[in-house]
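K.L.:
Listed in order, the protein sequences are those of chains A and B.
Residues 0 to 185 (numbering that gives the first Met the number 0) make up the first sequence, in order.
Residues 0 to 158 (numbering that gives the first Met the number 0) make up the second sequence, in order.
To be clear, the hints were calculated from the coordinates, so they are not data collected in a lab.
Predicted model, so just to flag it, every value in this text is computed and none were measured.
Ideal Cβ placement from N, Cα and C applies to all residues, glycine included.
Careful, some of the hints might be misleading.
[Said to hold, decoys possible] Cut-off 25 Å, straight-line C-alpha distance, at most; resulting in silico cross-link-like pairs (PhoX-like, lysine-lysine):
id: 1; chain 1: B; residue 1: Lys64; chain 2: A; residue 2: Lys5
id: 2; chain 1: A; residue 1: Lys14; chain 2: B; residue 2: Lys120
id: 3; chain 1: A; residue 1: Lys137; chain 2: B; residue 2: Lys120
id: 4; chain 1: B; residue 1: Lys77; chain 2: A; residue 2: Lys173
id: 5; chain 1: A; residue 1: Lys185; chain 2: A; residue 2: Lys173
[Unchecked claim] Stretch-level coverage of chain A by chain B, calculated; a stretch enters the list once three of its residues show a Cβ under 8 Å from a Cβ in chain B:
id: 6; region: 2-12
id: 7; region: 117-129
[As the list claims (entries may be wrong)] Quick partial rundown of chain A residues pointing at chain B, CB under 10 Å, derived from the structure:
id: 8; residue: Leu18
id: 9; residue: Tyr23
id: 10; residue: Glu63
id: 11; residue: Leu65
id: 12; residue: Tyr76
id: 13; residue: Gln77
id: 14; residue: Leu175
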Amino acid sequence: MWQYHKRLQYPIDIKKKDLKMAKYLVTQYGGSNSELAAALRYLNQRYTMPDDRGKALLTDIGTEELAHIEMISTMIYQLTKDATLEELEQAGLGSHYAEHNKSLYPTDANGVPFTVAYFASTGDAIADLYEDMAAEQKARAVYENLIDLATDPDVIKPLLWLRQREIVHFNRFKDLCEYYKSKNLK
Amino acid sequence: MNNYNYFDTFNETFLDVPMQGYNPSNNSNFNQNSNMNNSQINSLFGPYEGYTKGNMFRNLYEQYKNYQPAILTPRNEKEEALLNLNQMQFAMHDLNLYLDVYPNDMTMMRQFVSFRNTYNKLLSDYENKYGAIEVNSPTLNNTPFGWEEQTWPWEMRGV
């Protein structure tokens, strides 16, 4: 089970409304390389990891991804807070308003809704861990694209931080994968 | 390209800024405090620097272009208490992930225990002063309940 901590893993304090950035950023909430996809991928794959190390690592990284979903959601919430209907329409978010008003909804940057088809689960630990490593690399690359697009340091700071977490997770998955290969586990 | 000069808004030289109380201010203190002189512990950043970078492990840290991690500066005692709590939980968590894969690393285990002990103390200090972080907090004793009324994380400001 899980217990909520009433705090963000890393602070978010965005003072400047930026609807265009919110529209790009939503991809890390509901896109193919999103934090949501990561959380569900690891928490789903953990059951068939061949030993306790794998069960522990996928549980603990999957749990951290839930905290990252909250960070991204908070950024989108703060970026769009107080936006007028006119501003939303100008930023291309009129269709979002039609479907969801100002509530959050997990889509990619093109508005395509989240789907579990974004992740796989093969029951083969080596195959799953290679997917997990690739997912961390793709998420890192998307964070770099978003940092390139961002102009506000209040947005850049947490994006740099989240990018760095992808690097740490990639290396942990890699270490586990090498260990399994050395032990002939899969 | 963006017009905002991001780099001018942060100090060029990054320092492990000491937080009052529990946070070791630099790595020599870090090693003295933990009374260890192991190469793996030397490979860790201090909790503040590790937290701002998003990575406790020196050998894994990868900078993006010339972007520097944010310097997190608390504006008041409450923000400082939360920053101390956040950084200690982060240090503990990053070692937790390491120990999942290397469960027999005694040196890292000792460091984990040290971070955890500090975290537990910081958590209880914070909750006593500013309200519950977890719903099992011993500070929730009366009506109104209190859990529902503190600022929720997405509404919080500051560090």
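K.L.:
I'd like to know which numbered hints this structure contradicts. Please list them from smallest to largest.
P.N.:
1, 2, 3, 4, 7, 8, 9 and 11
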